[in-house]
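**Student:** Spelled out from the first residue to the last, the chains are:
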Amino acid sequence: MGGVQGWGPVEIEADELVFHSDWERRAFRVTIGAMAAGHLSGRFRHAIERMDPAWYLTSSYYEHWLVAAATGLVEGGLISQAELDERLGEPFAVARPVRAPRLAEPGPSVDQHRYGVGDAVRVREWHPLGHTRAPRYIQGKPGIVVRLDGVFSLPDVEYHCDGTRREPTYCVRFEALDLWGEAGDPVHVDLWDSYLE
Amino acid sequence: MSEDHHHAVPTTPVEDRVAAIESLLVDKGILDTAMVDAIVEHYEHEVGPMNGAKVVARAWSDDDYRARLVADGTAAIAELGFGGPEGEHMVIVENTPEVHNAVVCTLCSCYPWPVLGLPPTWYKSAPYRSRMVREPRVLLAEMGCEVPEDREIRVWDSSAEVRYLVLPMRPGGTDSLSEDELAALVTRDGMIGVAPL
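Here the protein sequences line up with chains A and B, keeping their order. According to this note's numbering, the first sequence is numbered sequentially starting from 144. According to this note's numbering, the second sequence is numbered sequentially starting from 101.
In case anyone wonders, no lab produced these hints; they're calculated from the structure. Keep in mind that a hint or two might mislead.
Said to hold, decoys possible - The following label-pair restraints were derived from C-beta to C-beta distances:
| id | chain 1 | residue 1 | chain 2 | residue 2 | range |
| --- | --- | --- | --- | --- | --- |
| 1 | A | 228 | B | 197 | 56 to 62 angstroms |
| 2 | A | 201 | B | 198 | 28 to 34 angstroms |
| 3 | B | 269 | A | 260 | 20 to 26 angstroms |
| 4 | B | 198 | A | 255 | 32 to 38 angstroms |
| 5 | A | 248 | B | 281 | 55 to 61 angstroms |
| 6 | B | 297 | A | 245 | 47 to 53 angstroms |
| 7 | A | 267 | B | 167 | 47 to 53 angstroms |
| 8 | B | 123 | A | 260 | 48 to 54 angstroms |
Ideal placement from N, C-alpha and C gives every residue a C-beta, glycine not left out.
Isolated chain A (complex conformation):
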């Protein structure tokens, strides 16, 4: 959502409860239960991204979780769409199918950072069909490495492959002028090695 225009004020609810209603608590339970049992690994976030945009933007946070849990459990083969439909008594809406091709091989893991703190980097232009953690608003933009972080599984591979590829991560500072074409305050984004040129 970074940089998308047209949104109004941020509305803060005073003394907000952890869950607004019982269904939110139950959606949390279902999702956490499926996650804790390992049934949603490599599927959860991408399922939310595959919700119809009109649905995504007009539904609340825990509905996103519910949809991602249902979608992930169906795609993982633990439950079927027919079972969900039968239980609900009508079609149970899930996210759209995965479009990215399944990867046969995860590719080689890397354990050393290519760049050091203070190095100038540029984010690769990269708009995959599948899951990525490279936000759109920094694609192709120059930045400076400000911190070296750990070596972690690359979600772009993990979500679309049976294997995993581990890569170093970086925190990169981007100047407002480079991001938005006008002076302003800097933004820092945490990025996997593959996201950098």
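Fit chain B to the supplied structure of chain A, relying on the hints for placement.
**Tutor:** Frame of chain A; chain B shown alone:
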């Protein structure tokens, strides 16, 4: 696209969909209800900004702890007994007279659960996620957090595995306060960076 039986926005109430999948998962033995009830209890009653407030108050009271916290947030937070999911890789960003820090997750909702609990609705909202990187100074002012013109705002978009906690500046006139009294001054929004304290 014959598999894509998708309705843009489902009309069945979300409560009904939650109930349907929950009962299906219980019947199939996929949902361990005792385990998820314990997790819900934990996040609803035992974890929240009071944990982060203890971390901040300790840092304000003990310079050695503050140095450890800034050097290795995860380890220093664990000294106070806090840790777990969404808090495995903590980075503390320290406010100073020159720098104000603020945290966002433009991709979804990444948030440091062990020290702040589950995120409030506004943190997960489209206006916050889109505008915090594009116009942080304007948005913070709208949210009641006026940052002096000569103070840089550093926005941290938690897009990978690191989770951020803002260490606010200790307010003046608090020299005589105990650590518990200091903790009572610290707010959730201050530790996200959308309030001065």
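**Student:** Hints the structure violates: just list their numbers, smallest first.
**Tutor:** 2, 7
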